[in-house]
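*Asks:* What follows is the residue order along each chain.
2 protein chains.
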Amino acid sequence: MIKPWKQIGTKQLGKFRIFDVRADRKISPRTKVEHDFFVIGCANWVNVLAITPDQRLVMVQQYRHGSNTVELEIPGGMIDKKDASPVTAGVRELREETGYAGKKARLAGKIFPNPAIMSNICYTVIVENCQCVHPVEWDSGEDIVTKLVPLADIPKLVGQGKIQHSLVVVALYYLELWQRGLGKKLR
Amino acid sequence: MIKPWKQIGTKQLGKFRIFDVRADRKISPRTKVEHDFFVIGCANWVNVLAITPDQRLVMVQQYRHGSNTVELEIPGGMIDKKDASPVTAGVRELREETGYAGKKARLAGKIFPNPAIMSNICYTVIVENCQCVHPVEWDSGEDIVTKLVPLADIPKLVGQGKIQHSLVVVALYYLELWQRGLGKKLR
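Protein sequences, first through last, are from chains A and B.
Going by the numbering used here, the first residue of the first sequence is number 1, and it counts up by one from there.
Going by the numbering used here, the first residue of the second sequence is number 1, and it counts up by one from there.
Calculated directly from the structure, the hints in this document are not laboratory data.
Bear in mind that the values here come from a model prediction, so they are computed numbers and not experimental data.
Please note that a few of the clues may not be correct.
Said to hold, decoys possible - When the alpha-carbon atoms are kept at most 25 angstroms apart in a straight line, the in silico SDA-like pairs for lysine to any residue are as follows: (1) A:K11 - B:R17; (2) A:K6 - B:E137; (3) B:K3 - A:T69; (4) A:K81 - A:N120; (5) A:K162 - B:G181; (6) A:K82 - B:A116; (7) B:K110 - A:P155; (8) B:K110 - A:Q62; (9) B:K184 - A:G161; (10) A:K81 - B:D36; (11) B:K162 - B:V70.
Use the sequences and the hints to build the structure in full.
*Replies:* Now the structure itself:
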């Protein structure tokens with residue numbers, strides 16, 4: 001049985017606009033030895049499975065500045081304080097990045113991007129019957145091309161390594177599991 | 001067509017033992033405006049799909065200090081400079097964390113943990129015919145319980161949110177795709 005570690009201190013080490021870094025000091029429940037753990041604090045994130053009436057997925061291509069590569073992803077971003085819920089944040093990001101909107105928006109999953117060193121959650125929102133109904137609203141640092149990809153092609157694209165963002169791959173697995181009736185009912 | 005951004009500078013902002021933070025200054029190919037992007041630099045990671053002869057997956061339960069939760073995961077860790085390849089790193093992590101070893105170790109996938117803000121890669125290694133043959137070698141900060149989980153139970157565990165580490169879920173999707181003949185041949 002794994003026990004939680006008791007936290008006995010924390011120290012803010014740096015703020016970097018979209019994340020900060022802190023050291024949490026904790027005691028091992030097994031050895032009683034104290035350790036410092038570096039933790040990256042971030043807003044929660046959301047990504048969106050936006051499906052069109054003809055069973056295509058609304059995807060976005062963009063340049064990513066961590067990897068220095070162009071990635072094929074699904075729309076998403078940070079959940080703002082003014083977003084009422086992960087679902088409304090997902091609907092907003094979908095509209096801003098692609099101009100698409102749809103119906104029956106709901107949670108399809110939630111995941112820790114990296115529970116070892118990050119404290120935040122990434123929610124996956126699914127939206128059906130999506131259509132392009134708004135002009136896009138990009139940030140000045142965003143350059144986004146929208147692509148409609150048949151749902152049937154997704155597993156092969158993941159298997160062939162054409163989709164390389166881990167959180168996008170997680171969302172696509174949730175989509176498969178939801179289609180197979182193995183998804184969890186989430187609010 | 002999305003173009004790469006030209007980098008015109010970089011500045012190291014902090015070192016935090018297992019990762020560092022830098023600001024990369026780049027010019028937008030579309031607007032020509034300069035932007036700073038914060039990037040987390042890390043060693044590459046590896047996680048391991050270790051399968052027993054009776055079709056069970058070697059999983060580990062451990063306390064995670066980013067999320068402050070006990071997580072059900074697969075073995076894995078950082079690729080060290082002394083590891084000859086991601087595959088040898090995976091075999092080493094499997095042995096150290098669980099005492100298991102097997103045959104036909106090979107790459108099953110690679111992914112960007114977060115191409116927006118992280119520069120590193122996470123490799124997934126698959127090992128078959130795994131058996132417990134060594135004593136475990138935990139770091140002083142590790143507390144690990146090994147669990148053998150039938151492969152047939154994995155999709156439901158992911159769908160029900162019992163497996164919450166994004167990189168583990170990615171590896172499990174690769175396992176499914178590999179079983180369905182949709183995995184990429186990787187070296």
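*Asks:* Each hint needs a verdict: does it hold in this structure or not?
*Replies:* These are the hints, each one checked on the structure:
1. Distance restraint check for K11 of chain A and R17 of chain B: the Cα-Cα separation of roughly 15 angstroms lies within the 25 angstroms cut-off, and the hinted pair is therefore satisfied.
2. Between K6 of chain A and E137 of chain B the alpha-carbon distance is near 23 angstroms, which keeps this suggested pair within the 25 angstroms criterion.
3. Restraint check: the Cα-Cα separation between K3 of chain B and T69 of chain A comes to about 9 angstroms, which is no more than 25 angstroms; the hinted pair holds.
4. Taking the CA atoms of K81 of chain A and N120 of chain A, the gap is about 14 angstroms. The hint holds against a cut of 25 angstroms.
5. For the proposed pair K162 of chain A and G181 of chain B, the alpha carbon gap of about 16 angstroms is at most 25 angstroms, so the pair holds.
6. Restraint check: the Cα-Cα separation between K82 of chain A and A116 of chain B comes to about 23 angstroms, which is no more than 25 angstroms; the hinted pair holds.
7. The hinted pair formed by K110 of chain B and P155 of chain A meets the criterion: a straight-line CA distance of about 15 angstroms does not exceed 25 angstroms.
8. For the proposed pair K110 of chain B and Q62 of chain A, the alpha carbon gap of about 19 angstroms is at most 25 angstroms, so the pair holds.
9. Distance hint between K184 of chain B and G161 of chain A is fulfilled; the C-alpha atoms sit about 7 angstroms from each other, no more than 25 angstroms.
10. For the proposed pair K81 of chain A and D36 of chain B, the alpha carbon gap of about 23 angstroms is at most 25 angstroms, so the pair holds.
11. Using a Cα cut-off of 25 angstroms, the hinted pair K162 of chain B and V70 of chain B holds, with the two alpha carbons roughly 11 angstroms apart.
Violation of the numbered hints given earlier is absent; every hint is satisfied by the structure.
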